[in-house]
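Chemist: I would like the entire structure built from these sequences, with the hints used as guidance.
These are the residues of each chain, in order.
Number of protein chains: 2
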Amino acid sequence: MALLVQKFGGTSVGTVERIEAVADKVKAFRERGDDVVVVVSAMSGETNRLIGLAQAIMEEPTPREMDVLVSTGEQVTIALLSMALNKRGCEARSYTGAQVHIKTDSAHMKARILEIDENKMRADIEAGRVIVVAGFQGVDEQGNITTLGRGGSDTTAVALAAALKADECQIYTDVDGVYTTDPRVVDDARRMEKVTFEEMIEMASLGSKVLQIRAVEFAGKYDVPLRVLSSFEDGPGTLITTEDNDSMEQPLVSGIAFNRDEAKLTLLGVPDIPGIASKILRPISEDNIEVDMIVQNVGLDKKTDFTFTVHRNDYKRAKAILDRICEELGAQECVGDNDIAKVSIVGVGMRSHAGVATKMFDALSEEGINIQMISTSEIKISVVIDEKYLELAVRNLHSAFELEKAGNGPE
Amino acid sequence: MALLVQKFGGTSVGTVERIEAVADKVKAFRERGDDVVVVVSAMSGETNRLIGLAQAIMEEPTPREMDVLVSTGEQVTIALLSMALNKRGCEARSYTGAQVHIKTDSAHMKARILEIDENKMRADIEAGRVIVVAGFQGVDEQGNITTLGRGGSDTTAVALAAALKADECQIYTDVDGVYTTDPRVVDDARRMEKVTFEEMIEMASLGSKVLQIRAVEFAGKYDVPLRVLSSFEDGPGTLITTEDNDSMEQPLVSGIAFNRDEAKLTLLGVPDIPGIASKILRPISEDNIEVDMIVQNVGLDKKTDFTFTVHRNDYKRAKAILDRICEELGAQECVGDNDIAKVSIVGVGMRSHAGVATKMFDALSEEGINIQMISTSEIKISVVIDEKYLELAVRNLHSAFELEKAGNGPE
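Protein chains in written order, with the working numbering: chain A, 306 to 716; chain B, 306 to 716.
Incorrect hints may appear among the rest.
No copy is singled out in the list; a pair is fine if it fits within one copy or between any two copies.
Claimed, not checked - Simulated pairs of lysine-lysine, DSSO-like, Cα-Cα distance not exceeding 30 Å:
| # | residue 1 | residue 2 |
| --- | --- | --- |
| 1 | Lys499 | Lys332 |
| 2 | Lys408 | Lys425 |
| 3 | Lys392 | Lys415 |
| 4 | Lys415 | Lys425 |
No lab work stands behind these hints, which were simulated from the structure alone.
Modeler: Quick look at the structure:
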């Protein structure tokens, strides 16, 4: 007898048949006595169809109208799923974001949830109804329809779970949980039973695209237990929760994330004077290019080398800007590299353990993999290496930290 | 400088190109100084697509959820048209039925408008914006989405025009106005400049499917001048308005309507006792069969003949019921005829003129057309004839009442 918020993404509701399968799943939870609030995305393909219509009219459609348009995608799904539940004798009622008062700011296409009035939902739950809420959308102070940006349905689910003080927020996806690393790269990658919010955030931002990072942050902030499960097969999935202090032992490393989408840019022989970093990076950010890793070494002769990474799609633009800056600053040379990859080890355990970095660097050097950049945080160590060594590096690190062994994660 | 409510149906907004054409049209009105409120339907085909999805789940989908589903159709159109207007520098804002507080009762899929709060719209109009409102939909007291039933966008437009006291409500369709009769049957059928609400109601219910009859009734009740025009070509269309008392002369007849969709059923030799009509018709209506014309003659020997018409699709069901009733009432015989047509002459002028019926019957008998049933109202005379004479009858009546002549309509 729990109150569950269950979120089904676009693939899970992509056809009428799949919507019926979701209804079966929800009904099973109702029958064992749980109260259920369902959050759904648009049927897969629908949002892109709508965006296509808009872009046939305007290259950059009015954001307010874009939200009116794309919010219809989820509205279709809530109606269809409610019908499928009603057909099964499982009384259900659909609500748009506006109807359950998901109040957001007015930043169209990327709005943030401000508050949720849970009273209406509470009354339906008490009346024994399943509530089916449109994900990804809300309404601002003036009654305008807003959307949270792509993938925002996860955030809707977490926000509803927080408002309703649900026992668990379950995110159904096309994978059966969060893995120690990508199973396509490492055969014996293992599904984790549990992972902390902090670890999940580091994993997500590094390329494990299971959950929207914003939703994980939100869940962490409001301490909503979050579970990632498969829509298509049964299983416990992965529980994302706060750190478990009772665990006898924390593992050093919980997972390995990696990313091939970056490119590296270096300015060699830059005069080492105060303010040089912002002189280099301001023109980059002014051109809306996001910078990920930044490394600057203390140099000799009042000269330094300055390196950073950007998304590979922005590489050419960034290189052109940096060539200009190189000349302006009287730097020696501007060099870039497109063929790099970033590999990161993530784990709350490394906070209290020394030697994790050494173990990582040893594992890489044993294979003759040269480390080009290093960046660290409290629970993460990232390195940039030659892209061709990526799979080798991930496999070696996975086995060096014994991630294939059950129990070697905060169970 | 007028305040216009303009309604564009599904065909007029059926593609992105057509939505752009509507935006051009609206912009032209703005540029000559008019304030414009636009009401749109779903893009043609969209409502059927959504109904198809619902019916793949449930044969008779939950009405509340059906409204949530199909109301997305218009929501897509309002967003796209607003974008197209914004692109043209014509500031526009879209609103769903709920957003402009089109309050209805809770009869899902066939709701009736109770009231409209025009204040929000008024503010936008004063700020120089075009308002684009989703037709066909509203919201009930509890905030549930409702729809007015198919074709309800006309009603939305008239209701908005009434609430805003607009100067004119313009209904854009794929015809350029209301004709004296169907131009496919009579070559010199003439577009009427003006027609009264009453005449339009009789014409519409008799098969001239230009406007939703409910919208015409609504416009008549609130005295909203209604104009039918073409979406695709320029022209004044037909103005539907209250009777013009200043006209020197009213024509006898304004138009000729006809209908091939009916079938005739007769019970011969029924005992002529009180309550016999309801004994015959109650089982028919209890089976949800709508009855149109009803004729009962005073008979001899306390026997009477009772005839009525139903939609041709209901003929077989009605005949089976009537066969049973025939036996129960001890009537002589039950006969039916599928091959009939109804022809009606309509005109407010006939109220004050005698001899209109005679002229009609003469015109028909001249061609040897036998009249099977007659039914009259204040401004309409309908006859049922053999279907094969329909075109001949309509052409003869059109010329007998000189409808091809300009000015022979309330100009």
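Chemist: Against each hint, give a clear statement of whether it holds in the structure.
Modeler: Outcome of the hint check:
no., hint, result
1, Lys499 x Lys332, "within (26 Å within a copy, 59 Å between copies)"
2, Lys408 x Lys425, "both (14 Å within a copy, 20 Å between copies)"
3, Lys392 x Lys415, "between (35 Å within a copy, 22 Å between copies)"
4, Lys415 x Lys425, "both (25 Å within a copy, 25 Å between copies)"
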